[in-house]
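**Student:** Take a look at the letters that make up each chain.
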Amino acid sequence: MINCRRHFGLYWQSKLPRCNNAARLSMCLISTFSCLLVGTNAAIAQSADQMPPARSAKRVVAPNTTQRAFNAAAPAVVKLYGGGLGREHGYGTGTLVSADGKILTTLSLLTSRDRVRAVLADGRTFMARKMATDETRRLVMLKIDATDLPFLEMTDSTVLQPGSPVFALGNWFKVAEGREQVSVTRGTFSMRMLLDARRLAQDYDYRGDALLFDAITSNPGAPGGPLVDLNGNCVGILGRIVEARATLTRINYALPAEQLTDFIGGKVAERREGVASESAAQPYVGIRISRIGFRHVSPYVARVTRDSPADKAGIKRDDLVLMVGDRRISNASDYKEAIADTRPGDRVQFVIKRGDSLIAIPVEIGVKP
Amino acid sequence: MSGSVLLTLLLLLPLQTPDPYELELARGRVVQAAVNQVQPALVQIETVGGAQPVMDGPQGVREEGFRLADGPTTGVIVSNDGLILTSSFNFARNPSIITVTLSDGRRMVAKLLGRDEIRRLAMLKVEAESDLPVPAWVSRDEMRVGQYAIACGRGIGLADNPPFISVGIVSALDRRNGNAVQTDAKVSPINYGGPLLDIDGRILGILVPKAGSGGALAGAEWYDSGIGFAIYKRDIDEVFDRLVAGDVIEQGKIGIVLVPDDDSLVPDFLKSFFPAAKGVKIGNVMAGSPGKVADLREGDRVLSVDGQAVGDVEELLRRLSDRAAGESITLEIKRRWRTFDVTLTLVRADEIGSILEMPKASDDDAPADSKGSTED
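Chains as they are written, first to last, in our numbering: chain A, 1 to 369; chain B, 1 to 376.
In short, the hints are calculated from the structure, not lab data.
Since no wrong hints were added, every one of them can be taken at face value.
Below are the PhoX-like pairs computed for lysine-lysine, each with C-alpha atoms no more than 25 angstroms apart in a straight line:
| no. | chain 1 | residue 1 | chain 2 | residue 2 |
| --- | --- | --- | --- | --- |
| 1 | A | LYS353 | B | LYS125 |
| 2 | B | LYS278 | B | LYS292 |
| 3 | A | LYS130 | A | LYS174 |
| 4 | B | LYS360 | B | LYS292 |
| 5 | B | LYS111 | A | LYS353 |
| 6 | A | LYS336 | A | LYS353 |
Example chain B residues on the side facing chain A (calculated, C-beta under 10 angstroms, incomplete):
| no. | residue |
| --- | --- |
| 7 | TYR21 |
| 8 | ALA33 |
| 9 | GLU46 |
| 10 | ALA69 |
| 11 | PRO72 |
| 12 | ILE97 |
| 13 | ARG107 |
| 14 | VAL109 |
| 15 | GLY157 |
| 16 | LEU158 |
| 17 | SER166 |
| 18 | ILE190 |
| 19 | ASP224 |
| 20 | SER225 |
Positions of the beta carbon are idealized from the N, C-alpha and C atoms, including for glycine.
Just chain A, same shape as in the assembly (with noise of 0.2 angstroms):
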């Protein structure tokens, strides 16, 4: 119904020459009773290269999806600069989150001076403070002093599905000069998956949930731009530049957004690693993986030791370990990544291989002696 009246009221507005108001009436109700017989979803899902083509002369021109959702959100996101150093750009986006000037961003060193120079969308100009930091995600809250501001609320990203469509803006490659506006791309949600990452040769140490698209956002500038869905609501937070560890290319991505309402309200998380697993026991497996000097080989059995946790759950010498619980292992350091990670009394999965079968034997993880 709603479509309907949208219609009525698109017709009726369009100044069409030459009509007499009845004219125009007909012409409205006509539109409105078309699109309650056409408008259905199945006959739109058909398929979406079967549209009628377009026909220019008297069209009737809505605003698309695209302008809807960046004027929902553009008025909200903030060209940034500050402090540069060879491959580390001194621009980037920033998301305003409250009407007080809370511009939530990713860490860099964009963000390493105090004050960073903030340029709203209508083309104020403001000096933002550092407020709060979280350093397992990498973002950054800053503060500029103003009120009334337009700001982006955090929604859940389960709205979307595999398919949906999302848009990213931002001020990559800062093309957005002066009072300009921040730049729109559009892209397909794909799906949301668990970030193992690389960045500038490194391990990338956050490990959280990532929501993956295929519009390419891994620019220069584009990190801290606010994901938004076709209603322009913020899904996402763009991160950082890295490469995905799987593929050694980069991806691109978004912090979902439900899960940075907490530091969005002042809660600064803690790190990962807590202080408790420290002191307690470690978790212990008694399998040694080949490994020749610093390279990196195939993660072979070398040896067993009796007794241990893998004796007892049958895993043999030579045999080659594919999987630690969900994890992929390929060489002796991903494996102590793997057993890094879990606590003696779990019982994880390992899936050997052993001659040309492949087996799942489930160990359950010990305590170092």
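Once you have looked at the hints, place chain B on chain A.
**Tutor:** Structure of chain B alone, referenced to chain A:
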């Protein structure tokens, strides 16, 4: 009055378009439905062992510029008894162990059968009961530039999760010597070996890195650029049996160096009197190559390949780029005032230097008339 109503009715009904917002939602659902169609036939491939491939270039042997990762890759089931088609890119490291995880979570050891280094395809086999789901394909004749194209891959995430998808369109047909469909969907190691789908979830082609020329990884540096390629069913069928039989199809070489014509010293006014010579000039013929055996000489000009005229070096190289070792080709050669045909058999790059007599062309490339005579 009633006339104007009727007129507006006639005018407006065909103009009625769906609400863009509803259309977007519907589009998302259609994409999801298409991916769901093919998802059971997608597999995740994992490899253990092997090393980064090296390239033998003018500067000596060095590692390829594109770094390979340890992560999983993608394949598509093509027969219900466990043949899996994927990209040769995924085995560039020559891994010692290959495992495959089906979308229902079953994990099994796979055997690498054949590879096609020209079309960048590879065939795997797993021992499975003959109940595996096989996807539907789109024939080349049905494809249109501009239609939706969805790239799917399992190169990231877990094997039983939804695959990574990227939505784009068919940008061009018959690219790369007529072998590939070009798409602007994002193609990368995440989906090499995976399918490019149409809006109904049927497969347009298998996604491969296929750009530029060079080593086993050439083309991968174009990842996510909006220029991606997928190999047609038609071309896959051509080499299907050889891949199953375990053949390694490599690019064929003649062993000649081509040189572009240098007419920079010729005055412009003379060029109009003497039109440029036809064909491509041979600069050097390598020892122990099919070219040497066929007695090609420096200064000969190649006028045509298999009856089709060649204009310049680039065209000749492009035409030869998808000819496999073992195939035979006929070159029309012009030497001084003489023009004659030479038939030679292409060999692998590593065989150049050791060819002392012309190898016999493989059976399926033998000329059609000789085949006919044996049947008579």
